[in-house]
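Number of protein chains: 2
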Amino acid sequence: MVDRTDTKQAQPAASRRSFLKASLLGGAAVAAGTGVARAAGDPLITEIQDWNRYLGEGVDVAPYGKPSEFEAHVVRRSVPWLTADPVSSVNFTPLHELDGIITPNGLCFERHHGGTATIAPADHRLMIHGLVDTPLVFTMEDLKRFPRENRLYFLECAANGGMEWRGSQLNGCQYTHGMIHCVVYTGVPLRYLLEEAGVKTSGKWLLAEGADASAMTRSIPMEKALDDCLVAFKMNGEALRPEQGYPLRLCVPGWEGNMWVKWLRRLEVGDKPWAQREETSKYTDLLANGKARRHSWVMDVKSVITSPSPQAPVTHGKGPLVITGLAWSGSGTIKRVDVTIDGGRTWQTARIDGPSLPKALHRFYLDINWDGSELLLQSRAIDDQGLVQPTKNELRAARGENSIYHNNGIQTWHVNTDGVVENVEVS
Amino acid sequence: MVDRTDTKQAQPAASRRSFLKASLLGGAAVAAGTGVARAAGDPLITEIQDWNRYLGEGVDVAPYGKPSEFEAHVVRRSVPWLTADPVSSVNFTPLHELDGIITPNGLCFERHHGGTATIAPADHRLMIHGLVDTPLVFTMEDLKRFPRENRLYFLECAANGGMEWRGSQLNGCQYTHGMIHCVVYTGVPLRYLLEEAGVKTSGKWLLAEGADASAMTRSIPMEKALDDCLVAFKMNGEALRPEQGYPLRLCVPGWEGNMWVKWLRRLEVGDKPWAQREETSKYTDLLANGKARRHSWVMDVKSVITSPSPQAPVTHGKGPLVITGLAWSGSGTIKRVDVTIDGGRTWQTARIDGPSLPKALHRFYLDINWDGSELLLQSRAIDDQGLVQPTKNELRAARGENSIYHNNGIQTWHVNTDGVVENVEVS
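In order, the protein sequence lines correspond to chains A and B.
Under UniProt numbering, think of the first position of the first sequence as 1, with each following residue one higher.
Under UniProt numbering, think of the first position of the second sequence as 1, with each following residue one higher.
Calculated from the structure, these hints are not laboratory results.
Since the model is a prediction, treat every value here as computed from it, not as a measurement.
Among the clues, some could well be false.
Copies of the same chain look alike in the list, so a pair counts if it works inside one copy or between any two.
Unchecked claim - Pairs of lysine to aspartate or glutamate, DMTMM-like flavour, derived with a Cα cap of 25 Å:
id, residue 1, residue 2
1, 200, 422
2, 318, 141
3, 282, 209
4, 318, 195
5, 272, 209
6, 66, 141
7, 224, 353
8, 335, 268
9, 318, 85
Just need the whole structure built from these sequences, with the hints factored in.
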């Protein structure tokens, strides 16, 4: 039904039309290989199953639904040795199990520095003070009376991939790239609140402070604050989750996640950056010459193949194989994603599926016919500013090996003939 | 600080610029009215709170997260008298509590006819047979080897608002309009599977059958099947929820929800519609002349104001008020939404926020300064085909009063001076 030696898909896709044609040939292989073979005597088709015979659950359909019992393995995971104490820990998104560009709220990456604060919305306040004409205090109800916006944005920790800076260590994209989520944030443009208070001409910087026990504080330049920052109270349509700063968080689109201050309680306007702990001893990049690169806020153009990957091996043998992944840039949209299956010898243009929105995740696919031989998978993202994702070695040559932040290097997965996938580096 | 008699917002918005200006004046009222007044002696600002003093939860941040304890009221609800038995029931989306256009999976409207089937993915099969060259059986793994797509679509029950056909009965948009959800569905275009099996020239119709105890079956014309239908296995990035047909459902974009067969197990190709129970005695519209309108698949252009609404009264008194709602059309995108605050005497163009995607929900806002007087709120949607949402009376004049399906009439909310909102009709 199909030539198993067909390698159309291993060549750069000529056009969408030929791509689909090849895909359907692949599809034929699927049916011939696994589908039709079972058509005749498959008891699951020729017999009645329990779920046809007996009524399912009706009374117990949850007011707030949960995933299927068969999806219990799809969860956030932490790396115990990564932080000294669980009240300052990280939960990684299981990217290898997800598709599309929306992260379900229950699976969103989160990093907490003093545990998850429990705050009743009625008790929460946001204060704006400092170099303003009128210091203001807002209740949650006050904030919900301003015009609001909904924007799909990725939030990535500056340390995402940091443990890989010196070489491949972690065998799974949940751990190498899972410090990221992408949801629709709903909130009030920060500029409305700042214009409300009246920023003095000397006001050039903003200090954002969280209400949690870590009192997270970060300095933000006024230009960014007046550009696209949001004071958000909803994610994917519903209220923020507790670990995402319920009832209020700051959104700093395209910039490192640590600046997206959770449990936002205070905004102070000043004339210079504050140089707080989390923007000096942390979240700065120690270069080879001993100097620290600071104010490295923008998240660079980046991508990763989420499947196949170490946690998502190939279980169906040769033939049609869906290669998929995510690409993003803190500078705008993704213009193109290149994928190689041979460690960079040849590159193909991946299919970007779904809406392409600035500072949001992009989903890409490359549908191939796998001949069963070893693969070296890599993806390389290019954004609408023309910025190109570098190799890990290019990154080390430029920044040395001291840093743990802003690793946007190209990731390599080695697919063995048995479908097992490993995290490797090719020089 | 602001002229409380300012009625800028009651006039059609001139431009976004002037709109924002007016909004900010409104904002000033917010701060003056509720914010600054508390600035001086607010203990919540001048004193340290418990959530600053004590570490929050760290160890217990859930692998699969849940909403805040303060959001326990944000749940799906059913109407006990609506169905004879809970194994055939409806869970309504709490539209009045949500924002943006994404419905969180845990809050998605769902209708089950034989309870929720529990099916292990490894045991599930999809069979394609009938007027095809090659009958095929697919496992879930087979299906995941085809090229896939991600699309944001609304799913609306044909009976959404059906209980309102003869007049206003239910006091809340969760009940009058909550038989709808909007998520990103991930799946394989149905045409790939049909081309795989090879549809004979005599094959003009498709019968889709569910694997649950109700064995839901619906007839679908081949043109639609080959157009934009998806065989979906994911929603909002993660696996389908059990009550949404886990592990596999059909997506029939823009068409009535009952056709989106859940727990999809069988697709039979035939030469005419099957006239099954759910497309004859149900899901047809009995007209005044006794004839039944059938094959009324497309969901008409429609909108509703979700806040203020009976379940979301105005609690903050006069001044800035955010009026927001949803609009959608099974024929394409929403071109414009008009909103009236005086029962149709004057109309204003609402601000549509977020991406405008075909056959998906659209979020709209009208930010006004409420003078505290009674309001009669209505919204009227117009889609990119030029179709205009009718009044309920126009609908009754055309279809009589027997029907319970396809009620896309304009909804009216009466806002009292005390902020309480009621479901009313204006003739």
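Hint check:
1. Proximity of residue 200 and residue 422 under a CA criterion of 25 Å is satisfied in neither setting, with 55 Å inside one chain copy and 45 Å between copies.
2. With identical chains, the CA atoms of residue 318 and residue 141 are at most 25 Å apart between copies only, with a shortest distance of 13 Å across copies and 57 Å within one.
3. Within a single copy, residue 282 and residue 209 get their C-alpha atoms as close as 16 Å, which meets the 25 Å cut-off; across copies the closest is 57 Å, which misses it.
4. Within a single copy, residue 318 and residue 195 get their C-alpha atoms only as close as 60 Å, which misses the 25 Å cut-off; across copies the closest is 22 Å, which meets it.
5. In the homo-oligomer, the alpha carbons of residue 272 and residue 209 lie at most 25 Å apart inside one protomer (16 Å), although the nearest pairing across protomers, at 65 Å, exceeds that limit.
6. In the homo-oligomer, the alpha carbons of residue 66 and residue 141 lie at most 25 Å apart only across protomers (23 Å), although the nearest pairing inside one protomer, at 30 Å, exceeds that limit.
7. For the identical chains of this complex, residue 224 and residue 353 are inter-copy neighbours only, at 21 Å across copies versus 30 Å inside a copy, given an alpha-carbon limit of 25 Å.
8. For the identical chains of this complex, residue 335 and residue 268 are neighbours neither inside a copy (37 Å) nor across copies (41 Å), given an alpha-carbon limit of 25 Å.
9. Proximity of residue 318 and residue 85 under a CA criterion of 25 Å is satisfied in neither setting, with 44 Å inside one chain copy and 48 Å between copies.
Comparing the model with each earlier hint shows violations of hints 1, 8, 9; every other hint is respected.
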